[in-house]
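> Residue strings, one per chain:
2 protein chains.
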Amino acid sequence: MTRIESAKQGIITDEIKKVAETEGMDAEKLASHIASGITVITRNINHHIEPLGVGRGLKTKVNANIGTSKDHVSIDEELEKLAALVKYGADAVMDLSTGGPLRELRRSLIGESPISVGTVPIYEAAVKVVEERGSIVRMTADDIFEIIEVQAQEGVDFITVHCGLTMRAIERLKEDRRVLDVVSRGGSFLLEWMIYNDKENPLYENYDRLLDISKKYDMTLSLGDGLRPGCLEDATDRAQIEELLTLGELHKKAVDEGVQAMIEGPGHVPLNQVEINIKLEKELCNGAPFYVLGPLVTDIGMGYDHISAAIGGAIAGAAGADFLCYVTPSEHIRLPDVDDVIEGVVASKLAAHAADIAKGVPSAFEKDKQMARFRKKLDWNGQISLSFNPDRVQEWRAATPPSESDVCSMCADLCAIKAVERALNPKKD
Amino acid sequence: MTRIESAKQGIITDEIKKVAETEGMDAEKLASHIASGITVITRNINHHIEPLGVGRGLKTKVNANIGTSKDHVSIDEELEKLAALVKYGADAVMDLSTGGPLRELRRSLIGESPISVGTVPIYEAAVKVVEERGSIVRMTADDIFEIIEVQAQEGVDFITVHCGLTMRAIERLKEDRRVLDVVSRGGSFLLEWMIYNDKENPLYENYDRLLDISKKYDMTLSLGDGLRPGCLEDATDRAQIEELLTLGELHKKAVDEGVQAMIEGPGHVPLNQVEINIKLEKELCNGAPFYVLGPLVTDIGMGYDHISAAIGGAIAGAAGADFLCYVTPSEHIRLPDVDDVIEGVVASKLAAHAADIAKGVPSAFEKDKQMARFRKKLDWNGQISLSFNPDRVQEWRAATPPSESDVCSMCADLCAIKAVERALNPKKD
Chain U
0 MTRIESAKQG
10 IITDEIKKVA
20 ETEGMDAEKL
30 ASHIASGITV
40 ITRNINHHIE
50 PLGVGRGLKT
60 KVNANIGTSK
70 DHVSIDEELE
80 KLAALVKYGA
90 DAVMDLSTGG
100 PLRELRRSLI
110 GESPISVGTV
120 PIYEAAVKVV
130 EERGSIVRMT
140 ADDIFEIIEV
150 QAQEGVDFIT
160 VHCGLTMRAI
170 ERLKEDRRVL
180 DVVSRGGSFL
190 LEWMIYNDKE
200 NPLYENYDRL
210 LDISKKYDMT
220 LSLGDGLRPG
230 CLEDATDRAQ
240 IEELLTLGEL
250 HKKAVDEGVQ
260 AMIEGPGHVP
270 LNQVEINIKL
280 EKELCNGAPF
290 YVLGPLVTDI
300 GMGYDHISAA
310 IGGAIAGAAG
320 ADFLCYVTPS
330 EHIRLPDVDD
340 VIEGVVASKL
350 AAHAADIAKG
360 VPSAFEKDKQ
370 MARFRKKLDW
380 NGQISLSFNP
390 DRVQEWRAAT
400 PPSESDVCSM
410 CADLCAIKAV
420 ERALNPKKD
Chain P
0 MTRIESAKQG
10 IITDEIKKVA
20 ETEGMDAEKL
30 ASHIASGITV
40 ITRNINHHIE
50 PLGVGRGLKT
60 KVNANIGTSK
70 DHVSIDEELE
80 KLAALVKYGA
90 DAVMDLSTGG
100 PLRELRRSLI
110 GESPISVGTV
120 PIYEAAVKVV
130 EERGSIVRMT
140 ADDIFEIIEV
150 QAQEGVDFIT
160 VHCGLTMRAI
170 ERLKEDRRVL
180 DVVSRGGSFL
190 LEWMIYNDKE
200 NPLYENYDRL
210 LDISKKYDMT
220 LSLGDGLRPG
230 CLEDATDRAQ
240 IEELLTLGEL
250 HKKAVDEGVQ
260 AMIEGPGHVP
270 LNQVEINIKL
280 EKELCNGAPF
290 YVLGPLVTDI
300 GMGYDHISAA
310 IGGAIAGAAG
320 ADFLCYVTPS
330 EHIRLPDVDD
340 VIEGVVASKL
350 AAHAADIAKG
360 VPSAFEKDKQ
370 MARFRKKLDW
380 NGQISLSFNP
390 DRVQEWRAAT
400 PPSESDVCSM
410 CADLCAIKAV
420 ERALNPKKD
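These protein sequence lines are chains U and P, in that order.
Anchor point for the first sequence: position 186 equals 185 in numbering that gives the first Met the number 0, and the numbering is continuous, going up by one each time.
Anchor point for the second sequence: position 38 equals 37 in numbering that gives the first Met the number 0, and the numbering is continuous, going up by one each time.
There could be a bad hint or two in this list.
Identical copies carry no separate label here, and so any pair may be met within one copy or between two of them.
Claimed, not checked - Mimicking SDA-like on lysine to any residue, the simulated pairs with C-alpha atoms at most 25 Å apart in a straight line are: (1) K358 - N271; (2) K358 - I275; (3) K251 - G56; (4) K426 - G133; (5) K358 - E274; (6) K173 - K368; (7) K69 - W379; (8) K366 - A397; (9) K376 - T21.
Since the hints were made in silico from the structure, they are not lab data.
Working from the sequences, and respecting the hints, build out all of it.
Listed below in structure tokens is the structure:
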């Protein structure tokens, strides 16, 4: 039985108990959310990790993308990125590699990762087909499904599949052209294939085959948004919403068949359209877990897109998004390095945390309450221990040290906290 | 005549024309906003700089705080910070120095700065009184007003004065204690003085004297929030709103007397309370320009508080805040260095820009539209030129170069933009 099937029967598995405990949610409630598809637990039956809950009432989760490209391949570096993102608190990692020995790399990551691992199988299919036959347009449905089966068997916990990029969506796109038509890499492969071959998206047409594989390994589908906007001007247009409608239908079908599914979302979205994008997904997709990329609230953030994504992600999370895909400072510039991964993870964790406080996730406020008390007591070790990157804080404090050890070099002797303590809580002589 | 006085008479000065042109606003409309106090132009009659407009319908502005403390004093470094913050686009700078030769430093900054300069005069008063008499509690009203007069005469464009921290507000604070009662440095000085001397706030009691000095130099008052919350738990409480009520009254009085005034706002605020804080200020303070510090949407952001502030600032700006005070990555840790200043300015500029797009400020969208077109054309120089920090983008791109010069090392040969171009706009043979 898959998770959904057993949850539908009201069975409270050890896994559900564990996630419920971690999240501070009643286990029966969590099971009912899994049964109805508004929450997923991402773990392949072949992957021995802590289960990850994503969905209603749970803490907002953070995913970090890593992986090689043809222009930069180092397995050691990818493993270093994995260690870093785990250290800084990412909840999941996606291997987006397209360069070097893909299987070897992925197997290393799955083996080393203590957290959920996601992939985009069409990347491996594209690399293979381009290598063997010169162009993605020569891919067959079997090419992609064989790779999905292999990855599922290896223990991949969730896969991005752009099933909603249908012929109808492409028609809508052609009728109402965008500035940047398609910026999703997987989406662009499928679009090129579909137009060249004049055939429906194989992931849409053979959706049952996808469900069968997912069922076998209890692998979660992440229904990708091949038509996510690539710039603010393209946001929330007919092509995007056409695809979202289809993804909602596919989510329902998955849940009916006992397969867990999330919906992927934008992308580049003006700040004032972020909330409506989240509400719309929840309405059109049966409340399915929403996994957003950013969103980026400006197109000009190169070098600082992790901040742009933190703004969009915090607003999205507060409005109900369940899972944030981080964006690194190197987005739109180059393949990220280890430092970029750290900055991306922390920015996204901070956004998710701010969102959780806003949406009232139990326990989210605790760290902030504790931090304020450490500040009041001028307890620097306490403050440092609660920060996202204690090494950085320690190092910076040491670099410009205060002359009095209980304050900081910003205010020095003119510390507000000390002045107020003298005034409001004067020591008796 | 002050700006407000001449605007009330319907006079369209060259200064108003200039600001109106820069902002893309009708000059008569701008003049009427100045007359009613919902917009200010910050420029002291003794400071020869470009005038800065802050208020309704104008671009959201960014201020950068610099300055020494007793523990770290270098005039050269402060001038370097000034050059950096101007280069990266800050609209104003505040000198918050409390260490070293304060007047010499301030005069250098006023002389060098091409943008508006603000100060918090009570800092200089506190340093002087502590030096001469051992404690801030021995300050007299004349001490503070003499310093305000000196600074106004030197050409300071706007000053923070915590006039709303009244005895009544302290009573409310005592009745409903906070975790971190007062974290505003100026606020803490006044609180200590008021409680020790059992006297009303001299800046409140002698508000007319303040208005007289401001009028003489057409210096803008920035009515400070000495009771801004220092942690999320303390946000939007009775003490904060009591002070805001007073600030609204003082703003009205200033405008009636022909003096420009802004209102300062929080601080540490949960994400879901940011918008209400902005709306409340606009309602309670006659639509006065709102100058917010962050807001920080979590208390645990040490080392990344510029990101926390960017999240809060973007939401605040979109909701109507007019002026964002940046926060650097070093906030809560140490006095910021030059690199911190740059990171703080860019994070805040990005937030202000995202807010301007959201609130429909004319021309805000233009850069993003252009960026998307450069992306479509794979025009890298164009993209780099529109970014917040072109040197960084250039350097990073060079550090992990693509093998094909028109793409980037993220996707390499599997560039989505190229695939889509082949599919949707195939070249004819």
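> Hints first: check each against the structure and report whether it holds.
Each hint, compared with the structure:
{"no.": "1", "hint": "K358 - N271", "result": "both (18 Å within a copy, 8 Å between copies)"}
{"no.": "2", "hint": "K358 - I275", "result": "both (16 Å within a copy, 15 Å between copies)"}
{"no.": "3", "hint": "K251 - G56", "result": "within (20 Å within a copy, 45 Å between copies)"}
{"no.": "4", "hint": "K426 - G133", "result": "between (80 Å within a copy, 18 Å between copies)"}
{"no.": "5", "hint": "K358 - E274", "result": "both (13 Å within a copy, 15 Å between copies)"}
{"no.": "6", "hint": "K173 - K368", "result": "between (52 Å within a copy, 20 Å between copies)"}
{"no.": "7", "hint": "K69 - W379", "result": "between (46 Å within a copy, 20 Å between copies)"}
{"no.": "8", "hint": "K366 - A397", "result": "within (24 Å within a copy, 40 Å between copies)"}
{"no.": "9", "hint": "K376 - T21", "result": "neither (30 Å within a copy, 48 Å between copies)"}
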